[in-house]
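Number of protein chains: 2
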Amino acid sequence: MAQKIFGAVELGGTKITAIVAKDLKTVLDKKVFPTLSPKETLNDIIEFFKSALNREIYEYQAIGVGSFGPLDLNPESRTYGYITSTPKQGWQFFNIKQEIESALQTRVYLETDVNASALGEFFLYPENRIQNLVYITIGTGIGAGIIINGKIVHGLVHPELGHIRIPHDYRQDPFPGICPFHRDCFEGLASGPAMEERWHQPPEKIPTDHIAWELEAEYIAYAIANLICTISPEIIVLGGGVMQRHQLLKMVQSKTRCVLSGYIKSKSLEDNISEYIVPPRLKEDSGILGALSMAIHESKSKS
Amino acid sequence: MAQKIFGAVELGGTKITAIVAKDLKTVLDKKVFPTLSPKETLNDIIEFFKSALNREIYEYQAIGVGSFGPLDLNPESRTYGYITSTPKQGWQFFNIKQEIESALQTRVYLETDVNASALGEFFLYPENRIQNLVYITIGTGIGAGIIINGKIVHGLVHPELGHIRIPHDYRQDPFPGICPFHRDCFEGLASGPAMEERWHQPPEKIPTDHIAWELEAEYIAYAIANLICTISPEIIVLGGGVMQRHQLLKMVQSKTRCVLSGYIKSKSLEDNISEYIVPPRLKEDSGILGALSMAIHESKSKS
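In order, the protein sequences belong to chains A and B. Take the first sequence: its letters are residues 3 to 305, numbered as in the numbering used here. Take the second sequence: its letters are residues 3 to 305, numbered as in the numbering used here.
There could be a bad hint or two in this list.
A pair counts as met if it fits within one copy or between any two copies, since identical chains are not told apart.
Unchecked claim - List time: in silico DSS-like cross-link candidates among lysine-lysine, alpha-carbon distance up to 25 Å:
hint: 1; residue 1: K153; residue 2: K302
hint: 2; residue 1: K27; residue 2: K90
hint: 3; residue 1: K153; residue 2: K304
No wet-lab data here; the hints were simulated from the structure. On a predicted model such as this, the values are computed, not experimentally measured, just so you know.
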């Protein structure tokens, strides 16, 4: 009898990562390739997945895909499983789920990239230890994957955490913000491109002792404090390019406590903030391993 | 064989409402009494519930309680089911759940008052039509009951929506806010007492054409826009004393669209906002009927 294996894909704007695995700990093969047209990229993905089947003992149980969006994730919708109105040339209304499913004759589970990352971090915790986790990415854009009571939050549309409004003191920071819709929403003030426009250099070039980082930490802290007051997560994971700056996480932890001013009584905040607001434990691999976890868990819960 | 009935209590700071019911539509008896000491109040509640049993055909299946807080709702905790560190004289660390359970020998389900109201409104919708609802109360304090994927959100501590930070333009509104922890958080700027301190008259005395209402609508709209960007609710219910002012709801609906600036694409926001941000359909009874729904649904799911 064939042995069941799982596939996972992380579909990014510039590169694709794909893996084949027996389980979360046993990755059999991995490949990274550039994002080209949907047709070429699909061919690359399928060819990679088929190559694992050459050793005839294997067959796919399920494939998990974490993709750039926007995605239609509403099972009732006519365009369910599609990448929808993306600005990315050629990819508009591409039925990513169906294409992979029919080429490989296996079930495909699709989520947004940031939700896949949230799942990757969530499944690291022993079952039932935590039920509520938020993964925030702060980079070219700002977004969040939110897990509540053990499930991804989709809701009416989907979370757009980058576009919440936070206090912006023009006397301290006269920069108007760059969001084309809201100007000074969270993303408009604190994304990588916002930092670059405000300080005339990309975040990775800004020196560590520059005032830019204090301000950045403050905006992130406001957003995190709002999240805590809204849904009371048990763990907050901060990923994305801007968070690569080493000392930023510590500044965010300390400023979040300042913003909350002792109002929320919890040991996690009062004594253990460095285990409450954390970097991704899977580092660069949260997304791809999250897509893999999704394939494994969803096919388990269906069988 | 005895017929199963349900009890529900809404425990407020100044008054208690209790009902006995066969189901959501058949209330057999109702009583309202003042909140006294825990001992006196408990006696009143028990006496009322016992009186329904005088007709010997009935017995309680379960009782739902919506109470002022803070409550300990963590089943793992030593003080589970207690009203904890309330400022309300005599009520600190009162084991409300256990006291009612042992007096009536029936299961008691406890939630905060605002969560009970959220459940009351949620169970009005046909099963599976909506899964995500937020009930916000704007009155003496500001709080929210949040239902996601069909379940109340508790999280690490519990939501404290009144304490999120929103933009506060001192040029337009030099009032510093009244929150003892954060000064100008949402509650510090927009609760009933904040309005009273800013305008030197209680909200119910402020004329309808006063600028106060524009400003109030704006702060509420910022908070709602943040909620929409964070968890994407399917329905937002606005209750509480301040919302009694008739025209405020329409102003909030229109300002919420302004704040979002067309970024969130959804028919609910674009064409149907008056069915998206709504007053409580159960009016004053969301809390007590929510407590009743909780008793009915929880005992069903346990049996």
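Hints, verified against the model:
{"no.": "1", "hint": "K153 to K302", "verdict": "both (15 Å within a copy, 23 Å between copies)"}
{"no.": "2", "hint": "K27 to K90", "verdict": "neither (34 Å within a copy, 53 Å between copies)"}
{"no.": "3", "hint": "K153 to K304", "verdict": "both (15 Å within a copy, 22 Å between copies)"}
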